[in-house]
Amino acid sequence: MSSIDVPLRQGRFGQTSRRDLWWVQPLVVFCALSAFLIYANWAAFQGEHFRFGPYLSPFYSPELWGDPVESWFGAKPAWWPGWLPFSAAIIILWAPAGFRVTCYYYRGAYYKAFWADPPSCTVGEPRTHYRGENSFPLIVQNIHRYFLYLALIFLFFLAHDVWKALWFTDSAGAATFGIGVGTLVLAVNVTLLGGYALGCHSLRHLIGGRRDLFTSNTRRNAYVCVSCLNRRHMLWAWMSLFWVAFSDIYVRLCSMGIWTDWRLL
Amino acid sequence: MAQATFRIWRGDSQNGSFQDYNVESAPGMVVLDAVHDIQGSQAPDLAVRWNCKAGRCGSCSAEINGNPKLMCMTRMSTLDLSQPITVEPMRAFPLVRDLVAHVGSNYRAKKSIRPFKPRPPDFPDGTWRMHQRDVDRVQEFRKCIECFLCQDVCHVLRNHGLHEQFIGPRLFVYSAALEMHPLDTESRAGALKHSHGIGFCNITKCCTKVCPEEITITDNAIIPLKERVVDEYYDPIRRLFRVFTG
Ligand code: SF4
Ligand code: SF4
Ligand code: FES
Ligand code: FES
Numbered sequence: 001m002s003s004i005d006v007p008l009r010q011g012r013f014g015q016t017s018r019r020d021l022w023w024v025q026p027l028v029v030f031c032a033l034s035a036f037l038i039y040a041n042w043a044a045f046q047g048e049h050f051r052f053g054p055y056l057s058p059f060y061s062p063e064l065w066g067d068p069v070e071s072w073f074g075a076k077p078a079w080w081p082g083w084l085p086f087s088a089a090i091i092i093l094w095a096p097a098g099f100r101v102t103c104y105y106y107r108g109a110y111y112k113a114f115w116a117d118p119p120s121c122t123v124g125e126p127r128t129h130y131r132g133e134n135s136f137p138l139i140v141q142n143i144h145r146y147f148l149y150l151a152l153i154f155l156f157f158l159a160h161d162v163w164k165a166l167w168f169t170d171s172a173g174a175a176t177f178g179i180g181v182g183t184l185v186l187a188v189n190v191t192l193l194g195g196y197a198l199g200c201h202s203l204r205h206l207i208g209g210r211r212d213l214f215t216s217n218t219r220r221n222a223y224v225c226v227s228c229l230n231r232r233h234m235l236w237a238w239m240s241l242f243w244v245a246f247s248d249i250y251v252r253l254c255s256m257g258i259w260t261d262w263r264l265l
Numbered sequence: 001m002a003q004a005t006f007r008i009w010r011g012d013s014q015n016g017s018f019q020d021y022n023v024e025s026a027p028g029m030v031v032l033d034a035v036h037d038i039q040g041s042q043a044p045d046l047a048v049r050w051n052c053k054a055g056r057c058g059s060c061s062a063e064i065n066g067n068p069k070l071m072c073m074t075r076m077s078t079l080d081l082s083q084p085i086t087v088e089p090m091r092a093f094p095l096v097r098d099l100v101a102h103v104g105s106n107y108r109a110k111k112s113i114r115p116f117k118p119r120p121p122d123f124p125d126g127t128w129r130m131h132q133r134d135v136d137r138v139q140e141f142r143k144c145i146e147c148f149l150c151q152d153v154c155h156v157l158r159n160h161g162l163h164e165q166f167i168g169p170r171l172f173v174y175s176a177a178l179e180m181h182p183l184d185t186e187s188r189a190g191a192l193k194h195s196h197g198i199g200f201c202n203i204t205k206c207c208t209k210v211c212p213e214e215i216t217i218t219d220n221a222i223i224p225l226k227e228r229v230v231d232e233y234y235d236p237i238r239r240l241f242r243v244f245t246g
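Protein chains in written order, with our numbering: chain L, 1 to 265; chain Y, 1 to 246.
There may be inaccurate statements among the hints.
Unchecked claim - Okay, the calculated bits of chain L under chain Y, using three or more residues with CB under 8 Å as the criterion:
no.	region
1	56 to 63
2	83 to 90
3	109 to 119
4	131 to 138
5	179 to 190
Stated by the list, open to error - Covered stretches of chain Y (chain L as the covering partner; in silico rule of three or more C-beta atoms under 8 Å from a C-beta of chain L):
no.	region
6	44 to 53
7	72 to 86
If you are wondering where the hints come from, they were derived from the structure by calculation, not from laboratory data.
Computed from a prediction, not measured in an experiment: that's the story for all the values here.
Glycine included, every Cβ here is placed at the ideal spot set by N, Cα and C.
Model the full assembly from the supplied sequences, consistent with the hints where possible.
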């Protein structure tokens with residue numbers, strides 16, 4: 001019988017009795033979210049190569065200002081500050097960004113990966129002081145449901161983009177029905193974003209969770225459907241994040257002439 | 001039969017150290033069997049709490065290789081026997097001795113939760129009728145065996161010691177079972193925000209991962225309660241609506 005003196009109370013950052021590679025998951029989350037952030041910021045400030053044929057990159061949809069012909073309200077607005085490079089994406093991207101930042105899944109994931117609060121379960125933290133989401137600034141996370149309302153409107157626009165991606169302009173200038181690889185890319189994008197947004201915890205609450213009595217089978221069925229998507233919310237979150245970036249890359253590379261968009265129909 | 005080395009915490013709240021014990025590992029053996037073996041042959045004064053040996057009573061909670069687990073439900077075959085297996089008491093609570101932690105704070109917190117208050121009976125014989133669709137949701141919460149592993153793993157209690165400001169995941173599950181009950185008429189949103197500290201939970205889901213009853217604590221209890229608190233305190237449109245409707 002030997003005796004090893006180890007203090008029982010856990011103090012130091014990273015201190016744990018765990019033997020597994022507990023740091024792998026937060027590291028992967030850190031790298032994946034950082035890569036997305038860097039790419040999304042870069043792509044949002046490019047202001048070009050976001051349209052190819054009938055395809056519009058989801059980072060730039062809806063295009064409120066920008067292209068004088070294609071956008072809703074015409075060219076760059078006069079009130080745009082001179083010091084800020086103009087891009088149709090940054091006018092709208094705050095809404096989906098806010099939706100993801102305040103999402104219950106991402107919150108838990110980035111508190112671990114970026115703040116080490118905690119770095120992983122039963123692993124020592126770097127700070128002793130803790131306020132959680134109980135006070136400013138993190139108390140603001142409670143507005144998540146308002147970003148959900150915006151995200152549902154965005155879903156509608158992205159679905160409309162898929163519809164527009166079915167109509168190609170032929171050599172005579174007429175619109176003809178068709179399906180290209182890009183159409184499928186945009187269709188998968190709206191499906192994954194739909195699976196993510198429609199499985200939102202706030203939606204689950206608003207659609208039925210807030211009641212103790214469902215009052216009708218329709219309400220209960222709606223709650224069951226949202227709950228079903230909600231069970232895999234993390235998976236939807238990652239798949240939709242990856243695919244929205246890929247959709248932008250696809251449209252961008254086609255527009256730059258690096259990739260060829262194959263017409264399937 | 002394989003040899004296993006157990007590195008067990010021995011001591012009280014003042015002093016203590018890990019001590020190594022060798023045990024023969026037999027097929028089907030669980031960690032609690034090994035601890036009993038050690039207690040029977042090498043350390044008769046080893047303090048350990050247990051009762052059912054079947055994952056039902058929630059008494060034998062401990063940290064095995066740093067992971068909060070029930071000792072009676074952790075098979076030796078799931079552990080790497082080539083290295084010493086550490087067994088420690090739950091760290092989020094004051095230590096009594098060896099593997100026994102003092103979990104009284106959880107019972108105190110439970111008393112602070114407003115009790116079940118049903119609506120008046122539906123029938124003259126004093127009974128109620130509930131729709132299955134309405135009770136389905138709270139059924140999951142009733143599986144809790146009060147092992148307090150979720151409380152142990154929660155960093156708000158474990159690392160920050162906010163036992164007086166934060167009731168913890170087990171008691172959010174309990175609050176949710178009452179709050180979402182189809183017959184209950186009480187509101188607990190105010191207490192959840194002000195005295196039960198639901199805002200301290202940063203939804204990192206460690207509690208859900210350790211629950212031996214596989215209760216989806218964070219997604220099905222805590223987040224829905226957070227949303228009810230939002231309804232009450234943080235949703236400006238609802239608040240405005242309430243100003244007009246009274
Ligand atoms: S999800 Fe909340 S209650 Fe559960 S372990 Fe994390 S902070 Fe604690
Ligand atoms: S919720 Fe699960 S982990 Fe927490 S006390 Fe109950 S059974 Fe144990
Ligand atoms: S909780 Fe993830 S999108 Fe709302
Ligand atoms: S002894 Fe009852 S749960 Fe382990």
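Now for the hints, and whether the structure bears them out:
no.	hint	result
1	56 to 63	violated (count 0)
2	83 to 90	violated (count 0)
3	109 to 119	holds (count 4)
4	131 to 138	holds (count 6)
5	179 to 190	violated (count 0)
6	44 to 53	violated (count 0)
7	72 to 86	holds (count 3)
When held up to the earlier numbered hints, the structure conflicts with 1, 2, 5 and 6 and fits the remainder.
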